[in-house]
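J.: Sequence order for the protein chains is G and D.
In terms of my numbering, the first sequence opens at residue 1 and continues consecutively.
In terms of my numbering, the second sequence opens at residue 1 and continues consecutively.
No wet-lab data here; the hints were simulated from the structure.
Quick caveat: nothing in here was measured; it's all calculated off a predicted structure.
Beta carbons are placed, not taken as given, at the ideal position from N, Cα and C, and that holds for glycine.
Any given hint could be a false lead.
Claimed, not checked - Coverage of chain D stretches by chain G, computed from C-beta distances (three or more under 8 Å per stretch; other residues unrestricted): (1) 1-14; (2) 31-43; (3) 48-57.
To be verified - Pairwise CB distance ranges, derived in the manner of DEER restraints: (4) G:I218 <-> D:P19: 28 to 36 Å; (5) D:L3 <-> G:I531: 43 to 51 Å; (6) D:T51 <-> G:P349: 38 to 46 Å; (7) G:D391 <-> D:V6: 46 to 54 Å; (8) G:A243 <-> D:M9: 33 to 41 Å; (9) G:A192 <-> D:M16: 43 to 51 Å.
So you can see what is in the structure, the chains are spelled out below.
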Amino acid sequence: MSAQVAVMAADTGINGVALAVLIVLFAIVTVAGFYASRFQRGDSLESLDEWGLGGRKFGTWVTWFLLGGDLYTAYTFVAVPAAMFATGAVAGFFAVPYTIVLYPIIFIFMARLWSVSHRHGYVTTADFVRGRYNSRALSLAVAVTGFVATMPYIALQLVGIQAVLEVAGLGGGDNIIAKDLPLFIAFALLAAYTYSSGLRAPAVIAFVKDILIYLVIIVAVIYLPGQVGGWDSIFGAAQDKMATVNPATDKPTGTFISVDSTHWAYATLALGSALALFMYPHSVTASLSSNSRNTIRRNAAILPAYSFVLGLLALLGWVAIAAGTTPVGLDGEPNAQLVIPQLFEDMFPAWFAGVAFAAVAIGALVPAAIMSIAAANTFSRNIYKEWLKPDATPAQEAKVSKLMSLVVKAFALVFVLTLDKQNAINFQLLGGIWILQTFPAVVFSLYTRWFHRYALLTGWAVAMVYGTVEAYQVINPVTGKHFGGSLGEIPGLGELGYIAMTAFVLNLVITVVLSAILNAAKVSNGQDETIPFDYVADADDPRVQKDLVDHEKHDAAYGDPDDISGNAGAR
Amino acid sequence: MVLAGVLLMIPIIALMWVPSYAKTDPELFGFPFFFWYQFLWVFLCSGLTWTAYKLTLAARPPRTPRATDGSSTAGGDR
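With the hints as constraints, model all of the structure from the sequences given.
T.: This is how it looks when you write it as structure tokens:
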């Protein structure tokens with residue numbers, strides 16, 4: 001085996017066998033994507049419930065695969081180990097507590113969001129806010145934030161695919177067309193089957209993706225440590241590297257474990273990311289596509305299996321340190337993002353490296369598909385129907401969503417091909433900061449209407465500006481550019497913390513103070529079209545069953561049919 | 001329901017309290033404490049969430065359907 005490893009390490013050009021395996025697996029997934037439209041098929045795909053939410057009838061296991069495929073993206077698989085490799089545990093391993101505390105949080109509120117969405121036909125969180133406060137402005141704020149925050153996230157999935165293709169030796173030509181052609185083809189296929197199959201496509205592909213990912217990780221975690229001297233030497237090598245002083249900054253390269261000055265950063269990164277994740281439209285889309293509120297709660301208990309895998313993957317970044325992996329891009333520049341594909345190519349036989357590459361590449365397709373569907377749903381529901389064409393039929397809405405999913409993907413492609421990759425990463429950091437600011441409007445409103453719509457809007461606006469300015473002021477110590485990271489000093493505490501959390505606290509303070517004032521002044525808080533029963537309704541409730549039957553005709557308008565709030569139970 | 005809430009809060013508090021586990025010893029299978037402790041919480045959290053799920057099922061009052069006209073057309077779960 002070691003001879004094989006030596007041969008592989010010497011191979012820097014196109015890896016033929018790995019590439020062939022990658023292409024075959026990719027082709028299988030493409031066929032599956034097109035056939036997915038027959039999976040648990042409804043009457044037609046000509047409505048948002050069918051195209052954009054898979055008919056709202058995915059059970060526990062489909063939801064598990066779909067959410068897993070959605071949340072644990074290819075970019076996560078590339079970037080988390082890359083962060084571990086480059087700067088250590090605080091930047092990388094926080095992903096583990098992040099994806100643990102995530103589940104108690106969604107257990108608490110997601111079931112309520114599911115129920116109220118189920119009762120009123122809400123497809124997005126902005127739909128819910130609209131119904132809860134009858135506030136177009138607040139709804140638009142939530143919709144635009146979700147849409148804008150999702151765009152760079154899709155682009156990052158492409159960065160994930162690009163990393164794999166680059167290590168496999170593709171895309172090295174000087175000709176700009178030949179250079180990016182493979183990525184272009186991959187994305188064109190993705191766009192085509194998302195367009196034709198809707199949310200069912202990623203649901204089916206997620207099975208393949210997860211099986212491949214689990215296979216690769218299990219093999220990697222069992223096989224690789226033995227190749228580099230066991231876990232002792234892996235942690236030893238990582239500790240040495242992180243303690244080495246970086247000449248550019250005069251500080252240690254990174255953190256082996258969290259130290260006194262990084263505890264706040266570690267905790268706020270984990271909590272802030274966890275609170276933010278289920279505000280993203282793609283997480284909401286995957287959750288709402290499940291068939292009952294308990295499907296979501298069961299999933300909160302079984303989804304942590306992915307967190308375990310993510311933790312192991314993070315440690316692969318340190319396996320790469322021990323293995324002496326040197327991630328160098330085809331342009332000859334060092335690029336930490338390539339470390340995991342490079343590790344696989346160096347250490348695995350060619351055919352298995354191909355399987356691993358396919359796992360990452362397919363891992364990018366699932367979230368990219370769900371994200372583009374979710375962003376498109378947000379656009380068609382909360383911008384197109386709300387502001388541009390209020391009398392749009394469900395069929396027209398679905399049509400706009402399908403077209404928009406193409407536009408969103410095209411935009412992501414242009415973004416990655418024309419702009420520096422670093423821009424995509426910066427915007428994604430910003431996206432995380434932004435999306436968290438919609439949390440009060442969405443989650444608190446699931447429980448109470450004490451918070452005032454204008455207070456929520458003001459808190460959101462101030463926090464958005466604050467977060468953006470703070471993130472801009474973070475200077476990368478090596479390159480000297482703005483948006484150098486997501487950590488800023490917490491005012492009054494003097495410790496570094498996640499900017500999104502600081503902005504979130506600011507948001508909360510403003511919202512609470514203004515709500516108290518506006519409520520005392522008896523300013524109208526809008527009409528509420530929901531009733532308390534809506535928040536605990538389950539799929540097998542007779543009244544909900546009646547709704548489902550009504551909705552199967554696909555020609556009735558969604559939401560409250562008579563626009564009189566609070567009477568939804570009387571339908 | 002209160003108990004379920006408490007169970008759900010435990011992992012959040014435990015993991016937000018970073019100084020309690022930011023140390024290398026004791027090691028387990030070559031893993032510093034910092035790492036295996038967090039891996040351990042993956043399972044603990046999963047168990048606590050499942051328990052909380054069972055508690056909420058038990059706490060949910062028996063359903064008293066008012067609108068009986070829907071029960072005859074149970075076509076929603078094909």
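J.: Run every hint past the structure and note whether it holds.
T.: Here's how the hints hold up against the structure:
Note: the region 1-14 of chain D has 5 residues with beta-carbon separation from chain G under 8 Å; the three-residue rule is met and the coverage holds. Figure legend: the region 31-43 of chain D, annotated as covered by chain G; annotation consistent (9 residues with Cβ-Cβ distances under 8 Å, at least 3 required). Taking a C-beta to C-beta cut-off of 8 Å, the region 48-57 of chain D contributes 7 residues in contact with chain G, enough for the three needed, and the coverage statement holds. Separated by about 33 Å at the C-beta atoms, G:I218 and D:P19 satisfy the suggested range of 28 to 36 Å.
The supplied range of 43 to 51 Å is broken by D:L3 and G:I531, whose beta-carbon atoms lie about 28 Å from each other. Judged by the Cβ atoms, the range 38 to 46 Å given for D:T51 and G:P349 holds: they are separated by roughly 44 Å. Range check, G:D391 to D:V6: about 49 Å between beta-carbon atoms, so the 46 to 54 Å window is met. For the hinted restraint 33 to 41 Å between G:A243 and D:M9, the CB-CB distance of approximately 36 Å keeps it satisfied.
About 44 Å separates the C-beta atoms of G:A192 and D:M16, a value consistent with the hinted range of 43 to 51 Å.
Consistency note: the structure conflicts with earlier hint 5 alone.
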